[in-house]
Structures are given as C-alpha cells and as structure tokens.
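Sequences are here, hints too, so could you generate the full structure?
So you can see what is in the structure, the chains are spelled out below.
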Amino acid sequence: MALEGYSLGIQRLDDVVGPVPPGTNILIIGPPMSSKDVLLMQMAAYAFMNKEAVIFISTNIPGNKLVDMLHDIDGFDEEKIGIVDCIARTLGIMSPETDLIQMASSPVDLTGIGVRISKYFEDFYMRKGIKKIRLIMNSLSTILMYSNIKTVYRFLHVFTGRTRSADALGLFGIESDMHDEQTLSTLKQLFDGVIELKIEGDKEYVRAVGFTPKPTEWVLLEEGGGD
Amino acid sequence: MLETGIPKLDKLLGGGIPRGRTLIYYAYPGVEGKVFGMQTLYNHLKKHHSAIFLTTSCSPTPLFKELKEFGWNFFAYLGEKFRVIDSYSPFIGTKDELGIPMDETEVIESYTLHLLREMENIGEPTLVVVDSLSTIMDLCGEYETLEAVREWNRYAKIHEHVIVYNFTAWPYSEDVLQELKENTFEATIMIGGIAERVIFGQYFGLLKAEWTPAERKSVLFKVVRPGGIRVYVPKIVVTGPHNAGKSTFIRALSTEAVSVDRLGTTVALDRGHVEYKGLSVDLFGTPGQERFDPLLKIIGGEAMGVFLVVDSTKSRDFVRAKQMLESIKAYGLPFVVIANKQDLPDALSPEEIRERFSLPRNVDVIPTIASDGVGVFEALERLVDRIMEDGINEGGV
Ligand SMILES: Nc1nc2c(ncn2[C@@H]2O[C@H](COP(=O)(O)OP(=O)(O)O)[C@@H](O)[C@H]2O)c(=O)[nH]1
Ligand SMILES: [Mg+2]
Chain U
1 MALEGYSLGI QRLDDVVGPV PPGTNILIIG PPMSSKDVLL MQMAAYAFMN KEAVIFISTN
61 IPGNKLVDML HDIDGFDEEK IGIVDCIART LGIMSPETDL IQMASSPVDL TGIGVRISKY
121 FEDFYMRKGI KKIRLIMNSL STILMYSNIK TVYRFLHVFT GRTRSADALG LFGIESDMHD
181 EQTLSTLKQL FDGVIELKIE GDKEYVRAVG FTPKPTEWVL LEEGGGD
Chain A
1001 MLETGIPKLD KLLGGGIPRG RTLIYYAYPG VEGKVFGMQT LYNHLKKHHS AIFLTTSCSP
1061 TPLFKELKEF GWNFFAYLGE KFRVIDSYSP FIGTKDELGI PMDETEVIES YTLHLLREME
1121 NIGEPTLVVV DSLSTIMDLC GEYETLEAVR EWNRYAKIHE HVIVYNFTAW PYSEDVLQEL
1181 KENTFEATIM IGGIAERVIF GQYFGLLKAE WTPAERKSVL FKVVRPGGIR VYVPKIVVTG
1241 PHNAGKSTFI RALSTEAVSV DRLGTTVALD RGHVEYKGLS VDLFGTPGQE RFDPLLKIIG
1301 GEAMGVFLVV DSTKSRDFVR AKQMLESIKA YGLPFVVIAN KQDLPDALSP EEIRERFSLP
1361 RNVDVIPTIA SDGVGVFEAL ERLVDRIMED GINEGGV
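Keeping their order, the protein sequence lines are chains U and A. Going by the numbering used here, the first residue of the first sequence is number 1, and it counts up by one from there. Going by the numbering used here, the first residue of the second sequence is number 1001, and it counts up by one from there.
Calculated directly from the structure, the hints in this document are not laboratory data. Hints may contain errors.
Stated by the list, open to error - Calculated cross-link-like contacts (lysine-lysine; reagent style BS3-like; alpha-carbon spacing at most 27 Å): (1) A:K1277 - U:K131; (2) U:K131 - U:K150; (3) A:K1008 - A:K1095; (4) A:K1065 - U:K51; (5) U:K119 - A:K1217; (6) A:K1314 - U:K65; (7) U:K214 - U:K198; (8) A:K1222 - A:K1047; (9) A:K1222 - A:K1011; (10) A:K1322 - U:K128; (11) A:K1217 - A:K1277; (12) U:K119 - A:K1008; (13) A:K1181 - A:K1222; (14) U:K128 - U:K65; (15) A:K1046 - A:K1065; (16) U:K131 - A:K1329; (17) U:K150 - A:K1181; (18) A:K1222 - U:K80; (19) A:K1329 - A:K1008; (20) U:K119 - A:K1065; (21) A:K1011 - U:K131; (22) A:K1068 - A:K1081; (23) A:K1008 - A:K1277; (24) U:K80 - A:K1329; (25) U:K119 - A:K1181; (26) A:K1181 - A:K1008; (27) U:K128 - A:K1222; (28) A:K1065 - U:K65; (29) U:K65 - A:K1068; (30) A:K1081 - U:K119; (31) U:K119 - A:K1222; (32) A:K1011 - A:K1181; (33) U:K131 - U:K51; (34) A:K1329 - U:K128; (35) U:K119 - A:K1095; (36) U:K119 - U:K150; (37) A:K1068 - A:K1047; (38) U:K119 - U:K131.
What follows is the structure, given as structure tokens:
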C-alpha cells in the first residue's frame, strides 16, 4: 500500500519539484516580510482540499485566531485538523484544550509540544484512518528565541523522524535574518529539502534546494504568494 | 514509604519510595511523562505532607489551573509546607505570584542554591519534585546538570528527602542518558510509547529500584481527566477464515480461558487471557465469518495487535484471508500471520504462504499446530516484540 507522494499545493513549486515522497521534511526559509506564512497557509489549504489531515504547530498565532483564518478555506474540516497552540497560555488564555486546539505551556515546553504532536498523529492515523498527514510549524524562529540550537536540534531530530515514520509531510518555517549562518546550516541537515524565499525590490522570488541535483531557478512569486 | 499515587507502580516499587531515595521518570519524547511527577506530588500533598516543586517550563498559576482538569487542586496546599520554585517566569520575563522566583536560569548553581535552601528551610524530610530535568539540561548543559544532580541526591540522602525527577529523553549524549538510566538515581521508571508508524499506546515499567528487585513488567496506561494515570490490559485480536483454528489458538495460549458463555452477550466471541514476559494480554477472537471492523469498534482504542490465523492446507480460503489482511493493514496495527495446521500432510510452508500473500520479508509468518500448542508462544513472542519495539522512541529512526 505505497502512499502516493505529496504535492505542496504551490503551483510554481510543484511544477519544478513534483510530488515529494511520503516522509519528506522541508524547511521553508524567508526574510521577515516574505510570504512564508502565506505559503504555509496555502499548503494547509491544499491539504484540506485533498482530504489530508493537518497538524498545525503555531508558535506565533493563538489557536483560535488560526482557526478563524483557516475556517473559510474550502474543504476545512474540524475532524482533519489539530492545532498545537504554543502561545495562548503565555498570553494568559486559559481556555480548556479541545480536540481541535491543544495547548502547550509555552514555546519552551518542547516536551508538551511533543506530547500533543504525538496525540494528533495517533488520532489521525489510528483512530480516523487518515494516512496522509501534513505537519506544519509556522515558525521555528520563535522556538529558537527561547531554546538554544542544540535543544532545538534534538527536538527536531525526534520529530522529523516521527514525520518520516508516519509517512507524513513536514513543513517547518523559519526567518532567514534572525539566525546566523551556522544555526541555519545545522538545522538544514535535518531536512530533505529547503524552500527559499527572497525579496528584491518589490518582487519576491522562490526556489527549491535539495529536491533536484541543482537548486531550481529563482522564480517570481506572484503577489499573494502564488495561485 | 512515600507512595507515587499510581497503585500499580507502587506495587512494582514494593510499596513506594523509601526516605532518602531518588527516582527518575524517564520518558521518551511524545509520551505523557509529566503527569507521573505531578501525580506523585499531588498524592503526597493530599495527605497533608510537605513538598517542594521546581517548575522550569511553565509558570505555576497556569500550570495549577490546567491540572484542575485532573481533579487536582494544588492551590489548596500552597504555603509554608508546599513551596514552589519558579525558574520559568523570570526566564521569559513575567511575574507569577505563587512561586519563589529563580533568576539566572542558565547557571546550574542557581538551581542548586534554591533547591538546597528550600530543603533546608522546610525543616523536615520532604518530597521534592523537579519538572523537568531535561529543561535544566537544555539550559545549563548535560554534564554540568548531571554533576549537580548527584550533589542534590547526596544532600537528599543525608536529610532523608525524596527527590522525584521528570525527564524527557531527547537524543542527548549516549553516556549521559546511560548514566541517568543506570547510575544516578535509586529507581528508574521507563515511560515509553508503543509504535508502529505512529505511537498508539503508552507503557511504563520499572527498570530498577535499589530497594526492591525489579520485576520486568510493562504496564499499559492512558491519561484520563479527571484521574491521571489509568492502567489497562492490552487487547490482541485473533482473526482469520472460518475453521482456521482461531478458537484452538486462543485456548492454547490462554492461562485463563474465559468461556464464550460467561461473556453473556449475543456475540459469540472467543476470549482468553495470557500473562507473558511481564505483559498481560487479553485475546479476542472474531467469530466465524464476521468482519474484523465491528470487533475493533467494540474494543476501542485498546487493541494493540492482530493475529491472522490461516489454515495452511486451505488455499481456497486465501483470497478471503488476504482481504482480512488488507483491512488489518488499514488500521495500522502490528500483526503476525499464523500458518496453522502444519501437522497436516498437504500444509503449505510459511514461505509458500508468504509468497501466496505477497508479504514482504519483514512480516512474520509463524508455523503452528494450534491443536498441540506448538508454535503458539513463539507467535505471541513475535507479536509482543513487534508491539513493544521502541526503535522509533529512541529518536534514532
Ligand atoms: N490438524 C489440526 N487441526 C487443527 C489445528 N488447529 C485447529 N484444528 C482443528 O480445526 C478445527 C477448527 O478449529 P477452530 O479453532 O474451531 O477454528 P475457528 O473457526 O477458526 O475458531 C477444529 O476441529 C480443530 O480441532 C491444527 O493445528 N492441526
Ligand atoms: Mg471458533
């Protein structure tokens, strides 16, 4: 029962890298004003359309806000999404956890984040029988604000591994300008490929590294992040 | 003896933790290890004993609010006899009224200073719960922390305090993990996940306790709110075509056969129970032509694995058996194929059956003669191994 690959859901990228095999982990690097978060949302939207499950680890938007944003997307289905909210508690929001939103204590609480990711994997894979799952983390940068690179590396080492075992697709966003080159290159080792964004003048470009023997050409990303 | 508040664990520990001893809850990433330390702490407070709690990854107020879901009201005990050291709030730059704030969270001496001071101030043998050791290691370094922990433990021993540590076993240095598991504490409780492609069950077991012989036993648990840790018996499903030998197989394995009648339902289920290598397992047979799905619904989330029994002489049943196999695979549960009735002259060999089913190498096909009990425990052993395989938990995937 080999699973078919995952399309990213961004036409310009899918054209050049094609569907990626199950178990792939991708790092998405972009400068502060880039469409990194927009791309992640589009990748989530594509999953909804495709009846995949989404585990969304949010380190910079509270879970209920994220639900508001996702709610109007075609194919949105509460049964197929699980949010790990890493910041609500730090903002003093004490609403109880639900099937839709689980809350870690803080971005420091990697143990708690990990427990909740595992719960959603079990829930989707075993209980709901959904074998295609995408794990999206909107920013590793927030995690890196509180924990050193060694700690984050260990965390990612485990959870990119879990993504691989579950034949899922892991998509992890990170700010390019907030971290030194060494931090980024340490993290890159854990990923099968990197999607890079850059802004030149008022134009934004994207390319994929590690999927093809050479990095793809920089292609223009339309305003709003694509199609 | 200081009880952990988890009855099954207290039993494994020979009653609990004696004074002056230390214990680590050594949990693999992704399993709910934190609850263990918190349950031990609450159980102790509930009896109006004193305690010290060090929190490193959450402020006390939101943490205690959240723990109310378990039916645990930590707020009720705060005061002279229940002291909370809070290294987290200062770290992220917030204030929390409940705890004693601790600065310099990246300096290990700071933890030593606070812990020893509170142990001294409390003025009687007490319980200290550290949540968690891994955060301290992340902030202060693995080796520095290990050395400090040894000092805390020595201090506890002299003053008859008990220290309980929550720990998440991220992929730290091998030697540090080894030290923590084997040599740093008097007792080590392993908390792991049962994984096939994803973790779908959790267990704990006693790796060692210096005051009592360690019984090699893995106990399955769930975390329930309210209540905390709840132990359950895992269920294994025995399925296969009619007359393949399912009932016979269950009888051959069972130490404690539960008759179909006693079940008192209209569904004629075979049931059995077996204690094996420290694991106790309930066996459920699917009746005759019944499908596999309804049974899984009945036993809910507690199914841990599946035996597919086939009569090795009846190749005309194989089509049906293959369909059953597909539906087992769809659930993602670990399974083993039983090539039964190997005593009969026209029986196909396990290898031939593997070919007919186009099963890959890593799937076990075990030859048995269920009617003589031959091979049945080997089969159980293989399935239990598959279920308890924890390669995925070591982070070394
Ligand atoms: N020769 C032989 N007969 C067996 C073996 N296992 C079971 N049987 C017989 O096969 C028949 C069906 O077994 P049963 O356990 O009732 O099958 P079920 O329908 O799958 O529950 C019975 O007559 C058993 O005695 C075996 O290993 N060898
Ligand atoms: Mg029968």
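Hint-by-hint comparison with the structure:
1. A:K1277 - U:K131: Status violated; Cα separation ~32 Å.
2. U:K131 - U:K150: violated (31 Å)
3. A:K1008 - A:K1095: violated (38 Å)
4. A:K1065 - U:K51: violated (36 Å)
5. U:K119 - A:K1217: holds (24 Å)
6. A:K1314 - U:K65: Distance ~59 Å between A:K1314 and U:K65 Cα, so the pair is violated.
7. U:K214 - U:K198: holds (18 Å)
8. A:K1222 - A:K1047: It holds: about 24 Å lies between the C-alpha atoms, which stays within 27 Å.
9. A:K1222 - A:K1011: holds (18 Å)
10. A:K1322 - U:K128: holds (23 Å)
11. A:K1217 - A:K1277: holds (7 Å)
12. U:K119 - A:K1008: holds (24 Å)
13. A:K1181 - A:K1222: holds (23 Å)
14. U:K128 - U:K65: Between U:K128 and U:K65 the Cα gap is close to 25 Å, so the pair holds against 27 Å.
15. A:K1046 - A:K1065: The hint holds at about 17 Å.
16. U:K131 - A:K1329: Holds, because 11 Å separates the two Cα atoms, which is no more than 27 Å.
17. U:K150 - A:K1181: Holds: U:K150 and A:K1181 sit about 21 Å apart, inside 27 Å.
18. A:K1222 - U:K80: Holds. A:K1222 to U:K80 sits at ~23 Å (cutoff 27 Å).
19. A:K1329 - A:K1008: violated (33 Å)
20. U:K119 - A:K1065: holds (21 Å)
21. A:K1011 - U:K131: violated (39 Å)
22. A:K1068 - A:K1081: holds (20 Å)
23. A:K1008 - A:K1277: holds (17 Å)
24. U:K80 - A:K1329: holds (21 Å)
25. U:K119 - A:K1181: holds (26 Å)
26. A:K1181 - A:K1008: holds (21 Å)
27. U:K128 - A:K1222: OK: U:K128 and A:K1222 at ~19 Å, within 27 Å.
28. A:K1065 - U:K65: holds (22 Å)
29. U:K65 - A:K1068: holds (25 Å)
30. A:K1081 - U:K119: violated (36 Å)
31. U:K119 - A:K1222: holds (12 Å)
32. A:K1011 - A:K1181: Answer holds: A:K1011 to A:K1181 is near 20 Å, not above 27 Å.
33. U:K131 - U:K51: holds (10 Å)
34. A:K1329 - U:K128: OK: A:K1329 and U:K128 at ~14 Å, within 27 Å.
35. U:K119 - A:K1095: Status violated; Cα separation ~31 Å.
36. U:K119 - U:K150: holds (25 Å)
37. A:K1068 - A:K1047: Between A:K1068 and A:K1047 the Cα gap is close to 17 Å, so the pair holds against 27 Å.
38. U:K119 - U:K131: holds (15 Å)
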